[in-house]
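Colleague: What follows is the residue order along each chain.
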Amino acid sequence: MSGLILTALVILVFIVIYQIARAAEYVNIIRGEEETVSKKTNKTLAWILLLFFFVGMWGVYEAHIHLAPLYLPEAASEQGLKYESMMLTTLYITGGVFVITQALLFWFSFRYQAKEGKKPLFYSHNNTLEIVWTTIPALTLMVLVAIGLRNWNQMTGKAPEDALEVQVVGKQFNFIVRYPGPDGVFGKTNFRLINDANNVLGLDWSDPASKDDIIIENGEVHIINGRNVKFIINSRDVLHNLALPHFRMKMDAVPGITTTMWLTPRISTAKMKEITGNPDFVYEIPCSEMCGNGHYSMKGTVVVEENEEDFNKWLSGQKSYYSLHHDTETAAEAPAPAASTDTAAVAEDVVAKN
Amino acid sequence: MSNDATLVHAHDAHGHHDGHHEHHKQHFITKYIFSQDHKMIGKQYLVTGIIWAIIGALFSVFFRLQIGFPESSFPIMEQFLGEWAKGGKLSPEFYYALVTMHGTILVFFVLTAGLSGTFSNFLIPLQIGARDMASPFMNMLSYWFFFVSSVVMLASLFISTGPAAGGWTTYPPLSALKEASLGSGLGMDLWLISMILFIISQVLGGLNYVTTILNMRTNGMKMTRMPLTIWSFFFTAVLGLLSFPVLVSAVVLLLFDRHAGTSFYLSEIFIEGKALSHIGGSPILYQHLFWFLGHPEVYIVMLPGMGMASEILSNHSRKPIFGYLAMIISLIGITSLALVVWAHHMFVSGMSPFLGSVFVLLTLLIAIPSAIKVFNWLTTIWRGSIRFTVPMVFAIGFVSVFISGGLTGIWLGNSALDIHLHDTYFVVAHFHLVMGVSAFFGMFAGVYHWFPKMFGRFMNNTLGYIHFFVTIISAYLIFWPMHYAGLAGMPRRYYDYTEWATYSPYSGMNAFISVVAVIAFFGQLLFVFNFFISMFRGRKVTNPNPWGSTTLEWTTPILPEHGNWDGPIPEVHRWPYDYRDDAETGKDYIPQNVPLRPGETEH
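Residue numbers (our numbering), protein chains in the order written: chain W, 1 to 354; chain B, 1 to 603.
Derived from the structure by calculation, the hints contain no laboratory data.
As a list, the in silico EDC-like pairs of lysine to aspartate or glutamate whose alpha-carbon atoms are at most 16 Å apart:
(1) K40(W) x E25(W)
(2) K118(W) x D581(B)
(3) K540(B) x E25(W)
(4) K587(B) x E116(W)
(5) K118(W) x D588(B)
(6) K119(W) x D581(B)
(7) K115(W) x D588(B)
Which chain W residues stay away from chain B? Per the calculated CB distances, all over 12 Å, these:
(8) A270
(9) K271
(10) D310
Virtual Cβ for every residue (Gly too), placed ideally from N, Cα, C.
Chain W with its partners taken away, still in its complex shape (with noise of 0.2 Å):
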């Protein structure tokens, strides 16, 4: 009912306007005003875009003020310090661009207005002009594919070897995270192996380096200020997306396919904390590729550590995989729980309990 209402009173509202619309024209046509606009629409017109292209130029400025502030912190990677670079190189161009031709615009539409008594110039062609404004921008293109493609050779380059390697995969609607464990190597997966009881990542037992693998399920990464990291990417249903806004970094999670993406963190959390006055702080990872109806809750946080030994400190007391369901075994061979995620993840933590 209220829709109806609410409809009815748009078109009446509407059909005020367009009375008083039409009366105003009618009035321009009784006075004899033939023109398709009249003299004095006309040059109220282009006072007003005149004043709207101020007026914008004013909002752009107060957007600014209200919303640079919201910006993330600085970069806390390498790579992202060469995307703020690059970004304000781009800015820069792009930004006097935008003030330059929409000054132009606005500008041009004022002062050529039609007068009385004021032609209109037959201009219809210059080469050399298009010449000039081909090359302008073909040059300043240039220069920005050249720092773009050295800035994405060495941000998807291969990895540095002494990287520390980090499984992460996706899943509706969360993260999990692997550590190769001491043996340094990650054991190999299987996803038909894949059970939300006691293998969510479906680790095949017969490849001993999975034994000594550790896995995170609340998809908390850590890694260490300073010392490159390469993540590994899977997915184990949909697309998914591993985004670290405050690293500037993103990479798809792809089910069957691997995707990998490396960093060199800058700042640890704890340093960030001061940085941003925030005591809660968390780098968060929200997923950044449409996933079903929970990708807006599809989270994982990163914690950089500020060194080795707190890295060291905080992987020793995590306790393989293996090890945690290896001792349930018999719990869990028992047929698989429910098969809706919820009740599989209360099932684990009953399972991890034993």
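With chain W's structure known, arrange chain B on it following the hints.
Modeller: Showing chain B alone in chain W's frame:
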């Protein structure tokens, strides 16, 4: 010569041979419904497009309310959406369905069918001097395939599992597995079937546009005497013909994966407690196939607006378009590059980084023809005599928004920046400005400009001006702030940001945007109101050439019958932008059908 058409309108279809045409009474059904008159088909596309636009925009209002006010409930939403918005609170399932349908509807049904469907149909025969399309019957089929496709899509809104909900790109595996999302059930099948029908419609239409432009131009209408509108419709159709069929293949393979147990896109998937048997497929293959259409699609949406803006800027500045040839060359550049840049949507998909760098180069090259166009438009109005008619202000708005949205393309096309900006609000802001708002501005400019030719009446100017300022102000207020959120990496397609420490500070901005979006929506309803009321009550056109235009459509009677010209088709003697004083008529323009004056050399 179309034989199909002879069944119904023998003399119409033959008309352009002998210039013979006579008025005759048509049945309501052949005149208004199963019409083979290109003008009526154009209007059918337009009205269908407007209806879809209202639905698509309304959806955006619903999901904007959710993003802007995640803690509130809006009982009015329950009135529209029923179970999907129980107690006025949108469910995540339907939020994603709305986002998906908003994209699908606006990109395909409004800005493809509603835009090039309307104006290609309406303007091509009128501006090149033909009595109708090459095949009026195929043209009619094109509309009716679109109509059936619309019905299928509309039906998917009402089924119990809801319409497709995997985003307008419908990436598998999400869209392939009914276990993955509610919208990947029957809704997804209907979406795929609707898309196939839609593509058939576009191919039928496109073949007609290309054939008509190449073969049916009137005497003297050389390719280089065609208005830029026709050039842009031509390249739009070419792009559609080359890329739409690829989407069919993507869609058919997806249907196979869904129902025939194939593994084109699926591999190693564990979902809902069980491992699926699919092995060896690649979701990235779908992305390649999809974007092979998806990117040209952006230009299918953009080019008609560019063409119409060129025409309108020139006409209402009383000055020839600057660099006619450069405009055509840049259209050719955009069209060819459009086909080889698709993978810039996939920089972080897992595609080879080397391939990525090739696409960076090709993508940024597109900025060059785009820049040429902008500079040419600016020079066109420079030292003109500008009449701020409603179409003109929309054309100026088109250029403004095209610049604003286009420049951020330079950011996103550069892969090293795209890594961070990919799938954030920066992308949302970019493409809404450049292909959403600016294509709409081109479309609005076109509607206001050619409405007198369509219906023999003017649209109301005052309402038009209000519509313009409401639209451009709200467009900037909505999309400008989004850049800031996107720079901070705020992901798209989130139902709720309150749980995110990084993005909850943007809640005020989101609420602001949502309020403006509601205002913008009512602003568009004002246009719809103006459109329909002006059809019946608008000021009548008395001058057959109200804008003082040079092109052929204004040499027809005010309301042309099927066949367009009462007498013989006019011959063309000059280029379409002769906006200069004509000593013989005392007017400031010389129409294309006027022979060269003694001593005059052709432009």
